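Here are the chains, one letter per residue:
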Amino acid sequence: MNIIIAGDGEVGFYLAKSLTQLDFNITVVDPHSELLKRLEKETDLRTIVGNSTSPQVLNDANVGDCDLFLAVLHDESINLVTCMLARQLKAKKTVARITNSELLEPGYREMFRSLGVDEMVCPERIAATEITNLLNHNIATEFFNFSGGLLSMYLIRLQESSPVNNKSVKELSQIYSDLQVRIVAILHHGETVIPHADTVFHAGDMAYIISKENQMESVKKLAGGIDFDIHNVMIAGGGRIGRYAAHNLEKKMSITLIENDRARCEDLVEILGGGTLVINGDATDIDLLLDEGLTRNDAFIAVTDSSETNVLTCLHARRYGVKKTIALVENTGFINISQDIGIDTIINKKLITASYIARFIVQGNAVSSKWLSGTNAELIEFVVGPHAKATKVPIKSLNLSDYDATIGGIIRGRETILPTRDTQLQEKDKVVVFALPNGMSKVAKLFK
Amino acid sequence: MMRYSFSNMVRIDSWRFNFRLIARLLGMLLVILALSMVVPVLVSVVYADGSQFGLILSGVLILAMGLLLRNFVGVGATFELHDREGLWYTLIIWLVVPIMGALPYLFTSSVHSFTDAAFESFSGFTTTGSSIMTGLDDAPKGLLVWRSTSQWVGGLGLILFVVAILRRLNAGAAKLYESEFSGTLQRRLHPHMSRNVQYMWRVYILLTLAMFILLLLGGNGFVDSFCLALSTVSTGGFMTHMSGLAGLSSYSIGVVTVFMFLAGVNLAVLFNLFLGHFRRVRKDDEFRSYGVAFLIAVAICSLAFIVSGVSVGQSLKFSVFHIASTASTCGFYTNPPAVWPTVVSVVTIVILFAGASAGSTGGGIKIKRLMILTKHIHNYFVGMIHPHAVMCVKVGGARVEEEYISRVFAFVFLYALFVIMGSFVLTMCGLDIPNAFCMASANMSNLGPSPIINNMGGALDYVALHPVGKWTMIVLMLAGRLEIFALVAALMRVYWKSR
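As they're listed, the protein sequences go chains S and E. The first sequence stops at residue 448 when you use the numbering used here, and every number in between is there. The second sequence stops at residue 947 when you use the numbering used here, and every number in between is there.
Calculated from the structure, these hints are not laboratory results. Keep in mind it's a predicted model, so treat the numbers as computed, not measured. Positions of the beta carbon are idealized from the N, C-alpha and C atoms, including for glycine. Any given hint might turn out to be false.
[As the list claims (entries may be wrong)] Derived DSSO-like pairs: lysine-lysine, alpha-carbon spacing no greater than 27 Å straight-line:
#1 Lys221/S with Lys170/S
#2 Lys220/S with Lys323/S
#3 Lys252/S with Lys765/E
#4 Lys392/S with Lys445/S
#5 Lys323/S with Lys93/S
#6 Lys823/E with Lys251/S
#7 Lys731/E with Lys251/S
#8 Lys93/S with Lys349/S
#9 Lys842/E with Lys252/S
#10 Lys445/S with Lys428/S
#11 Lys17/S with Lys350/S
#12 Lys350/S with Lys389/S
#13 Lys252/S with Lys731/E
#14 Lys251/S with Lys765/E
#15 Lys323/S with Lys17/S
[What the hints assert, rightly or not] So, partial list: chain E residues that the calculated Cβ filter (under 7 Å) puts toward chain S:
#16 Phe726
#17 Lys765
#18 His836
#19 Met839
Modelling step: build the complete structure from the supplied sequences, incorporating the hints.
Here it is, written out as structure tokens:
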């Protein structure tokens, strides 16, 4: 599969590196020659220095043979123009990164398609949605919905009080046969394990749990987690993520938003409703945070432009007793360490973009996808095609464990099934597959 | 003779009164006024009520003066408007037109003095509805139609006629419009101001016609239906019987109530309603507030009546009618219940001051201004606890600029000042303080006759008022109708100086 990535910095490079590992043919178009030279040295890909809105440059990148064209520059108008050019130059599928989520409104979709922009990804919007979901399911460290919430994925740390501790999968399936939730993978000492019959769970493991609709209670019971309600939220940083998050949350919760830039504050109060109190001040000014009632908040979300500020203010909030902290960390290297020192969830725009784009890369009929932070595994939702290999034999005969993959759940019409070894897939089923990257493309073929 | 120039930016120091333009505008309006007398004249001829000669005479006089101004004095007018001129012209038009409109009352000998004629005419054009006429039931039909016609003409604003017709005014149109309709603050429906105004006229005419037909279907007479429709949609409040609307059937009262409520709604909202843009209507928070305030006021009043022993049906019926009449500042009255609880007076006064929606034909402080004030005051107190908080006042989803907020404060202050000064003069004229206050606020809000503090006699009594009191009320009516600024500007020295 030939993929062209037009970028101007980190997002493009991150995508390029991740995709190269998956054995795709990557060409990167970027105006910065120095950076490209370094990238070419580190990774096995082709680089072209130049402006992506130049047809000549695009032709140099062999745009005519490309299966997927990703425009992920910072400026959305350049991305849109680039995609339109790429389409005219016969690129098969184009994806543009955008910053203004208004373009995602369903009414405009066909318009952009006809212009040559097949898909649009707004990382800020997705980040805000993730924050919203996390606060609504606050026991989880990560949360993701499939098929509009028919199935959900939670990432939860197994507490000391969890009933599954020191039990193997085999034992558990005898005790909790009627449970509406399933552990599809665990992170044990930093290693991703897809549980086999003999795998034993331990307190402190991070568990990826797939559950049916409205099964928060069962998930909580399984993980031994303690739930709390979130009423007051403090958001540091009034950029797009902070703004979208405040907008999503302000109807249900009372929001205090701290933003350093006065002019941006003025814009924020105009856009946001009455549920958000916008404070003009520096988020690193702890006295200001305390004056504005930091200790009264149930959650602290740090989404300023500076990853360091975000991490530090989150740690501070934690120290003052805020129960849930979420930080935007742009440096992928920081992600693991941030989680180790006690920040609940890390939001990373690069990962989000890559996560979203993954569905277009996997051969097959992927409808949604989620790359998980803290592990290199991914969750992908496939639609089972007609005459797919998976429709012919029961799940146990697909030998998914050979590919380091497992099926977390099946959506058949409005019905959801947590599969057993004997479950038989049917055409048009949606399956949620958890897999490590090396196995994903092979697994995808089973459903095609 | 049209000149396109930017001279109003260049020649700031040599401002001169543009007599030709004002003559032209005034002349045009007088011609329109004369034309609007056609229906009253026809009615008086058909009914042969004795007023035909007086009406025709005044019509001819007004027409002659209009043509004179328009075709001789106003020839060669340049269509340039300076900022202050908008206010000036508005005031002049609002003084001359009602005085000319007073001629029919004098010529038909329906009133006894110029003061009375002026009072009736100003009350008409400002859509107040306070009346010094006695014996309405026997008054000439033509004159009754003229009274209501004057309300209808004044309802949407005299300036709006000019703006609707004169495309040539260009940017000047907005200046004139602002000077009369200072509180609207809304997105234009159409890029051209004159087209906007035409849309408003269409809604206005449609409402009037609909109400007229519904009243005719209810078995009311032609003259009664016609006058009532004109006076309701303009939120005027002139009635054709001394007993008010007491003689109407329940159906007709219902029709009047619905149209009173609608008349208090922003015409732009009604326009969207007609076009079926329900989402825009639902998002209009002034409309919502108007509706909510209406329901709350009705609930309190009906409860008060029920507690005082009035039957549930009558309490509800009267409360809905009374609050719709007060909120829209129509000021109609009907047979009130036998008791009048103090709570009802309080609610009436509150609703009376709040008034209708901005952009409607109604008077009062306007719901939008009150919303801005309450939100601003709320922000002020939040700011005391959160000194770093950034806040803004939003109405209809749009930010209200600080400058506009201070204008609203000035408006409310002046409003209160006018009411207090008015009450003061009325007290001097011999009224007791509660009555003086009610009368002053009723005229300031362009409400007019309807009862406020008691149900005695149904209406406020203007007939016996001293001439000084009558002229004071005329000033209040004008101040209320012009939303104060045009009137106060005339008193300011800076507006008189040449620069």
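For each hint, the structure was consulted:
As the CA atoms of Lys221/S and Lys170/S are separated by approximately 19 Å, the hinted pair is consistent with the 27 Å bound. Of the pairs offered as hints, the one joining Lys220/S and Lys323/S holds, with about 17 Å between alpha carbons and a cut-off of 27 Å not exceeded. For the suggested pair Lys252/S and Lys765/E, the alpha carbons sit about 39 Å apart, so the restraint of at most 27 Å is broken. About 14 Å separates the Cα atoms of Lys392/S and Lys445/S, which keeps this hinted pair within 27 Å; it holds.
Between Lys323/S and Lys93/S, the direct Cα distance comes to roughly 43 Å. Violation of the 27 Å bound is thereby established for this hinted pair. Between Lys823/E and Lys251/S the alpha-carbon distance is near 19 Å, which keeps this suggested pair within the 27 Å criterion. Distance restraint check for Lys731/E and Lys251/S: the Cα-Cα separation of roughly 17 Å lies within the 27 Å cut-off, and the hinted pair is therefore satisfied. Proposed proximity of Lys93/S and Lys349/S is supported: the alpha carbons are some 22 Å apart, at most 27 Å.
The straight-line distance between the Cα atoms of Lys842/E and Lys252/S is roughly 20 Å, inside the 27 Å bound, and the hint therefore holds. For a cut-off of 27 Å, the pair hint linking Lys445/S to Lys428/S stands: about 15 Å separates their Cα positions. As the CA atoms of Lys17/S and Lys350/S are separated by approximately 12 Å, the hinted pair is consistent with the 27 Å bound. Distance hint between Lys350/S and Lys389/S is unfulfilled; the C-alpha atoms sit about 34 Å from each other, more than 27 Å.
Among the hinted pairs, Lys252/S with Lys731/E is consistent with the structure: their alpha-carbon atoms are about 20 Å apart, no more than 27 Å. This hinted pair does not check out: Lys251/S and Lys765/E have alpha carbons roughly 38 Å apart, beyond 27 Å. For the given pair, Lys323/S sits about 35 Å from Lys17/S by alpha-carbon distance, which is inconsistent with the 27 Å threshold. With 7 Å as the threshold, the beta carbon of Phe726/E stays out of range of chain S, its nearest partner Cβ sitting at about 18 Å, so the hint is violated.
Checking Lys765/E against chain S: minimum C-beta separation of about 37 Å lies over 7 Å; hint violated. For His836/E, the interface hint holds, since its Cβ comes within 7 Å of a Cβ in chain S; the closest pair sits about 5 Å apart. This hint holds: Met839/E has a C-beta 6 Å from the nearest C-beta of chain S, less than the 7 Å allowed.
The structure shown violates the earlier hints numbered 3, 5, 12, 14, 15, 16, 17.
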